[in-house]
Amino acid sequence: PAVDQEPHDQDVEVELPSGITILKALDMIRAEKDPTLALRQSCGSAICGSCAVKVNGHARLACKTQVSDCTTNGVLRVGPIGNLRILRDLVVDIDPFLDSLNKVKPYLVAGNGAAPELERQQSPDEFLKIDPSTTCILCAACSSDCNVLEVDENFFGPATLAKAHRFIFDSRDVDTADRMRAISEKTGVWDCTHCGECSTRCPTETKPLERIEEIVDNKPKPEYDWR
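Once you know that position 85 of the sequence shown is 125 in this note's numbering, the rest is easy, because the numbers rise by one and skip nothing.
Be aware that a few hints might be false.
[To be verified] When the alpha-carbon atoms are kept at most 25 Å apart in a straight line, the in silico DSS-like pairs for lysine-lysine are as follows:
1) Lys94 to Lys64
2) Lys73 to Lys94
3) Lys145 to Lys104
4) Lys143 to Lys226
5) Lys104 to Lys143
6) Lys64 to Lys104
7) Lys226 to Lys145
8) Lys104 to Lys94
9) Lys169 to Lys145
[Stated by the list, open to error] Computed Cβ-Cβ distance ranges for the label pairs, DEER-style:
10) Arg212 to Thr76: 45 to 53 Å
11) Thr76 to Pro156: 51 to 59 Å
12) Val52 to Thr174: 31 to 39 Å
The set of hints was computed from the structure by calculation and includes no laboratory data.
We put the beta carbon where it would ideally sit given N, CA and C, even for glycine.
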């Protein structure tokens with residue numbers, strides 16, 4: 041943005057070996073064609089979530105996606121994820137994404153009682169209630185393709201609502217009521233249109249739409265009055 045007022049595509053021709061991921065292809069472009077190309081990456085193993093980009097118009101993890109699965113007539117289009125301001129090339133400003141997460145206290149609130157001598161215990165059945173939502177790697181792929189965020193930047197977003205689910209249904213957490221009240225406000229869980237794009241683009245088993253449906257269909261911990 042310091043050079044160009046509006047983002048634009050740039051064509052790059054590069055010969056790629058078979059079995060290469062998009063992340064490796066981008067690294068080859070930086071090494072052989074354009075060292076100024078900016079992108080985020082870290083683990084390269086679909087764990088950190090930092091390499092999420094748009095591939096042919098939809099969000100995917102670059103390190104998990106094979107070039108051969110996405111090319112048409114030898115052409116592949118890669119861009120920055122959506123619904124966030126572009127800083128440079130494939131790098132976006134993730135501060136609004138993180139600010140939204142903070143609205144639901146994305147951490148365990150264990151209460152004011154004395155800490156246990158060992159761990160805070162949880163049964164296998166209790167863990168299964170939150171198992172899918174614990175797999176979220178905060179890649180923002182779901183938020184990138186969220187139709188509501190496209191028209192309302194104040195919407196909590198699917199990742200935030202899935203993270204809320206993770207602690208709302210956690211048997212060890214005591215802040216259920218506050219989280220439920222927070223996501224029940226305007227631009228919260230009731231603004232979701234249930235289009236399913238978030239779950240389609242999610243690279244893990246979080247599947248945000250399913251977690252949102254569990255929140256609205258099942259009142260967790262009935263001893264809390266969150267209305």
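Inset, instruction - With 45 to 53 Å as the target window, see if Arg212 and Thr76 comply at their CB atoms. - result: Hint holds: Cβ distance 48 Å, inside 45 to 53 Å.
Inset, instruction - Measure nothing beyond the straight line between the CA atoms of Lys226 and Lys145; if it is 25 Å or shorter, mark the hint as holding. - result: holds, 18 Å
Legend entry - Satisfaction of the hinted span 51 to 59 Å by the C-beta atoms belonging to Thr76 and Pro156: holds, 53 Å
Inset, instruction - Take the C-alpha atoms of Lys104 and Lys94, compute the straight-line distance between them, and say whether it is at most 25 Å. - result: holds, 13 Å
Inset, instruction - Could you grab the alpha-carbon distance between Lys73 and Lys94 and see if it respects the 25 Å cut-off? - result: Answer holds: Lys73 to Lys94 is near 21 Å, not above 25 Å.
Inset, instruction - Verify the proposed pairing of Lys64 with Lys104, using a straight-line Cα cut of 25 Å. - result: Measuring from Cα to Cα gives roughly 10 Å; hence the hint holds.
Inset, instruction - Given the hint that Lys145 pairs with Lys104, test it: the Cα-Cα distance must not exceed 25 Å. - result: Violated, at roughly 29 Å.
Inset, instruction - Take the C-alpha atoms of Lys143 and Lys226, compute the straight-line distance between them, and say whether it is at most 25 Å. - result: Holds - the C-alpha atoms of Lys226 and Lys143 are around 13 Å apart, at most 25 Å.
Legend entry - Cβ distance range 31 to 39 Å for Val52 and Thr174, holds or violated: Holds - the Cβ-Cβ distance for Val52 and Thr174, about 38 Å, lies within 31 to 39 Å.
Inset, instruction - With a cut-off of 25 Å on the C-alpha distance, tell me whether Lys169 and Lys145 pass. - result: holds, 19 Å
Inset, instruction - Compare the distance between the alpha carbons of Lys94 and Lys64 with 25 Å, and conclude whether the hinted pair is satisfied. - result: Within the cut-off at roughly 15 Å; holds.
Legend entry - Hinted pair Lys104 and Lys143, Cα distance within 25 Å: Status violated; Cα separation ~30 Å.
Violated hints, in rising order: 3, 5; the structure is consistent with all others.
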